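J.: Construct the complete structure from the given sequences, taking the supplied hints into account.
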Amino acid sequence: MSVWLDKDSRILVQGITGSEGTKHTRRMVASGSQVVAGVTPGKGGQKVDGIPVFNSVPDGVAATGADVAVVFVPPRFAKAAVIETVDAGVPLCVVITEGIPVQDTAQFFQHAQNAGGTRIIGPNCPGIISPGQSNAGIIPSDITASGPIGLVSKSGTLTYQMMYELRDLGFSTAIGVGGDPVIGTTHIDALAAFEADPATQAIVMIGEIGGDAEERAAAYIAAKVTKPVVGYVAGFTAPEGKTMGHAGAIVSGSSGTAAAKQAALEAAGVRVGKTPSEAAGLMRALLG
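Numbering of the sequence shown is given in our numbering, commencing with residue 1 and proceeding in unit increments.
Keep in mind that a hint or two might mislead.
[Claimed, not checked] Estimated spans, in silico, between C-beta atoms of each pair: (1) GLN103 <-> SER56: 16 to 26 Å; (2) GLY45 <-> ALA285: 47 to 57 Å; (3) LEU286 <-> ASP49: 35 to 45 Å; (4) ARG76 <-> SER56: 13 to 23 Å; (5) GLU20 <-> LEU286: 33 to 43 Å.
[Said to hold, decoys possible] The calculated lysine to any residue pairs, modelled on SDA-like cross-linking and capped at a C-alpha distance of 25 Å, are: (6) LYS7 <-> THR186; (7) LYS7 <-> PRO41; (8) LYS23 <-> GLU98; (9) LYS23 <-> PRO52.
These are calculated hints, taken from the structure and not from any lab test.
Please read all numbers here as calculations on a predicted model, not as lab measurements.
Note that beta-carbon positions come from the ideal geometry of N, C-alpha and C, so glycine has one too.
T.: Pasting the structure below:
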């Protein structure tokens, strides 16, 4: 089994005719994903490597039965693209685009919540992959295999590193939730899904400095998660008061520090590595 994405998922790529959309569509197809449609307004009727392009998401969904949208459109068009996907009733929308204004993200996420039918992953994220089944986004598909570990991460590159370090054990699903201040799917959402997934035996959670998402996840783990969880928090050496990489990774005083997050996670029974490799070693020890 897997979480939210499987071999039957039918993917529509918004912005498929752009350079990033085309490149990553080819990578998704090469990894075995069913990419059934693309959308670029004004370019309906064209094809990208045989994949039909439509002028709108409703047209693409009606013609192909797409149930996953991956958004590669520029930041200024992203809000409209996501709202169009929500209104078309697509169950899963993966927003890869970075640099989307926070107000725009808040508005399209609220629109999705009000509509009630679309899960948003991202924005500013690498996407979601169920190895050997489907890949929606930009996560490399050849660095790991299918297996019993569920992974949820704020960081794209650390997602890739953890998948590679534990490639011999493998993953049920890896989810990059993104590091912006406002995101659709949270650590807690992913933890709940992994807890409910019988194929997931253990969970790796990667966080980073800034905000309180990891502290809230720790409280959820203590109350609701029975499976073993290993954690890593990026940013132990980050200076206070500076935004580091992701827009949400800013530390003010003791709030949002890596040490505070580590303490909260360990209090909830999570084993926390000081480096990604150490966290991978802790997971390896857990699964024997």
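J.: Can you tell me whether the CB distance of GLU20 to LEU286 sits inside 33 to 43 Å?
T.: 37 Å Cβ-Cβ, so the 33 to 43 Å window holds.
J.: Taking 47 to 57 Å as the hint, is the beta-carbon distance of GLY45 and ALA285 inside that range?
T.: Roughly 55 Å apart at Cβ, these two residues keep to the hinted range, so it holds.
J.: CA of LYS23 to CA of PRO52, is that 25 Å or under?
T.: Between LYS23 and PRO52 the Cα gap is close to 16 Å, so the pair holds against 25 Å.
J.: Look at the Cβ atoms of ARG76 and SER56 and judge whether their distance stays inside 13 to 23 Å.
T.: Roughly 18 Å apart at Cβ, these two residues keep to the hinted range, so it holds.
J.: What's the verdict on LYS7 and PRO41, does the C-alpha distance respect the 25 Å limit or exceed it?
T.: Outside the cut-off at roughly 28 Å; violated.
J.: Is it true that the CA of LYS23 sits at most 25 Å from the CA of GLU98?
T.: Since the Cα atoms of LYS23 and GLU98 sit roughly 17 Å apart, the hinted pair holds (cutoff 25 Å).
J.: Between the beta carbons of LEU286 and ASP49, is the distance compatible with 35 to 45 Å?
T.: holds (42 Å)
J.: Could you grab the alpha-carbon distance between LYS7 and THR186 and see if it respects the 25 Å cut-off?
T.: holds (24 Å)
J.: Indicate whether the distance between the beta carbons of GLN103 and SER56 respects the range 16 to 26 Å.
T.: Distance hint for GLN103, SER56 holds at roughly 24 Å.
In this structure, only the earlier hint numbered 7 is contradicted, and the remaining ones agree with it.
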